[in-house]
Amino acid sequence: MEFDLLAVMLCALLVAPAYSYEKALPTIQTHDQTNGGVYPKTRVWGSNEKILLHFRAVRQLSEKQHWSWVICSEKIVVGSAVTYDYDAFGNLIHSTGTTPNNYLFAGEQFDPDLGFYYNRARYLNTSTGRFWTMDTFEGYDDDPPSLHKYLCVEADPVDNVDHCGKCLPAVAGYGDIVQEAIFADFELKTGGFTNTAINDILHKSVPSGGLLPDLIDPYTLSSFGLGQIWEIKSVYSEAAAIAKEAMYLSVLNFYSKGTGMKWIPGWTYVPPPIVSINASPWATIDQPAPGVITYCIVNTTEILSFISAAVSAGLYVAVSGATLTSSLAPGAA
Amino acid sequence: MRPTTTESQLSALRSEIAERCYRWAAKDVVRETAEDFPLVRKVKSQAAYRFLEIAEKLPKSERLRLVTALVKRFHMGGPAFASTVTTPEDQHLVTSYLEYDDGEITPGLKARLPIIRDGGNKQLATGPTANRVAKIDRSALHRSLVEKLRPVCGSKLVDLGPGSSFFESPVGPWTVTTQFSTASRFRHFDYWHRIVMPEGIIVGEGISILRWLGISGMSSWTLKDETEIEGAVADVAGICAHFLQETPLLLSGLEPPSSRGR
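Listed in order, the protein sequences are those of chains A and B. Position in the first sequence counted from 1, then plus 376, gives you my numbering. Position in the second sequence counted from 1, then plus 79, gives you my numbering.
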């Protein structure tokens, strides 16, 4: 059994500070004798911690590739070569090498007795793509796969990764950022509240009370007994925004009878005309109707690409036209 | 359209309560400023961070001028009352506050985006993954809020549906409620108080620390992870206790309208 001790130590020094699997390590098999013949345990790592760190380093480098279903890189462990090929969900398709190893797909620990992966927060069954137990996170209403209690990486293992056995870390769209910016502006300027359930607004539990209007201002026109609400949507969902606004108003007004308060589509608040998301993209904001705010994401890079493509296409047409013209000209070959 | 007697009574009552709340908040903001904003610092929201950043750049005398102007903003019991207390200098200070943009950290529109703080260095976190709030167990958060607020905000808890509840605390003929919600995906939780008539009609609305100081409309918390739940819940309980112990004085001598025509 040979290995380059210097390389191993160097590798350990470089990688150990970023390593994050410490909790899983104590269960590594280090027995060098059989256990009543039922669960044969083979000496794998020996007592040399440096060898273990060597394996960690190689695994760390290949982890991302597992999730992308790129064939995983070769792992050199104690002089032996082991390779693993998985499908996208982590089911083993093919492997080479005989060195026993339970740290398999995505570097997670496989429990051969259960047949599941131990992903810390929960056990994962790769054959079904489901976790064994429920997700503690309730999910987002606007992200239906996140509501599923057992799905792993929202059933999209090619694009998503799981690092802890919990629900997929969500990625906010630009629309959320635009909404956040308008929320901040609205709260700052009007003193109103945002994204609040109708039950909370009315101070009582009513049917459809879980609906959440985006902007609520019960103050500005309170001396007239009027409250205002707004709905924010993408410019492509303007009709849906108008419909939702009407629904909110009907619920609010129906259950506000006798309180001296009427709810109307908002008109006193003027949102910022442009929200800068970053250097690029940004969003233009519009109020097409009372109580409705729409935004349109504009991406500078895409616009430049489009202009570039249009210019290139124009040149191509011009050149092609010139070539055609010249080829049809009298005397052309 | 001429308002009915009932609507007039309600309107007058709401104005009276708004004015009382303003008078109380005007005193409270002096205390808060003198003590270097201990309650505002408990609120974990970008609106609070933004305000503190502005305040910390000002000398103490300027801070008091700013907060005195801000505190008038959200207590307007109608245009008549507002015009008596708001001066042109106040309007100038408020405009400066709203338009504050230090060019690198918290432009007004981005007040809700997270600021990455690394020692003395700060930068605004932007990009498609920047602003989604961390995933935490909201049921546990709600349970924790109920547990910690119960001793402070009254024993009667009313459930309003998923993630929303309020406590009721009687103050003479009035009921002061403490409402809290973990329902919004844009923050972890928020809270506010209301003053409610015996018939259940709301006459004092949206009373919360950032709002009564004129900083922002909502007092909400966005946490980094579950380890912050306990501290945040204790903080909001402390802020609620601060307001609720003032309510008997705030509402003293104020009676609900004796009769209401329907």
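Wrong hints could be hidden among the right ones.
As the list claims (entries may be wrong) - Pairwise CB distance ranges, derived in the manner of DEER restraints:
(1) F630/A <-> V237/B: 30 to 36 Å
(2) E305/B <-> T644/A: 37 to 43 Å
(3) P583/A <-> S87/B: 42 to 48 Å
(4) P521/A <-> P327/B: 46 to 52 Å
(5) P335/B <-> Y612/A: 36 to 42 Å
(6) S218/B <-> P664/A: 22 to 28 Å
Stated by the list, open to error - Only pairs whose alpha carbons sit at most 27 Å apart, straight line, appear in this in silico DSS-like list of lysine-lysine:
(7) K227/B <-> K580/A
(8) K136/B <-> K609/A
(9) K565/A <-> K525/A
(10) K565/A <-> K227/B
(11) K123/B <-> K136/B
(12) K525/A <-> K303/B
(13) K106/B <-> K565/A
(14) K123/B <-> K106/B
(15) K303/B <-> K633/A
(16) K525/A <-> K633/A
(17) K633/A <-> K136/B
(18) K235/B <-> K565/A
(19) K580/A <-> K633/A
In case anyone wonders, no lab produced these hints; they're calculated from the structure. For every residue, glycine included, the Cβ atom is placed at its ideal position computed from N, Cα and C.
Now the hints, each set against the structure:
About 20 Å separates the C-beta atoms of F630/A and V237/B, a value inconsistent with the hinted range of 30 to 36 Å. The hinted range of 37 to 43 Å is satisfied by E305/B and T644/A, whose Cβ atoms lie roughly 39 Å apart. P583/A and S87/B have their C-beta atoms about 32 Å apart, which leaves the hinted 42 to 48 Å range violated. Against the hinted window of 46 to 52 Å, the Cβ-Cβ separation of P521/A and P327/B comes to about 51 Å, which satisfies the hint.
Between P335/B and Y612/A the C-beta distance comes to about 49 Å, which lies outside the given range of 36 to 42 Å. As the Cβ distance of S218/B to P664/A is approximately 39 Å, the hint placing it in 22 to 28 Å is violated. A C-alpha spacing of about 22 Å is found between K227/B and K580/A, which places the hinted pair at or below 27 Å, so the restraint holds. Our distance criterion of 27 Å between C-alpha atoms is broken by K136/B and K609/A, whose separation comes to about 37 Å.
Restraint check for K565/A and K525/A: not satisfied, since their Cα atoms lie roughly 39 Å apart, outside the 27 Å limit. Between K565/A and K227/B the alpha-carbon distance is near 32 Å, which puts this suggested pair outside the 27 Å criterion. Straight-line distance between C-alpha atoms of K123/B and K136/B comes to about 20 Å, which keeps the hinted pair within the 27 Å bound. Taken as a hint, the K525/A and K303/B pair is honoured in the structure, with Cα atoms around 23 Å apart against an allowance of 27 Å.
A threshold of 27 Å between alpha carbons decides the hint, and for K106/B with K565/A the separation of about 23 Å falls inside it, so the pair holds. A C-alpha spacing of about 24 Å is found between K123/B and K106/B, which places the hinted pair at or below 27 Å, so the restraint holds. For the hint linking K303/B to K633/A, the alpha-carbon distance of about 41 Å lies beyond 27 Å, and the restraint is violated. Using a Cα cut-off of 27 Å, the hinted pair K525/A and K633/A is violated, with the two alpha carbons roughly 40 Å apart.
Simply put, K633/A and K136/B have alpha-carbon atoms about 48 Å apart, too far for the 27 Å limit, and the pair is violated. With a C-alpha separation of about 34 Å, the suggested pair K235/B and K565/A falls outside the 27 Å cut-off, and the hint is violated. With a CA separation close to 13 Å, the supplied pair K580/A and K633/A stays within the 27 Å bound.
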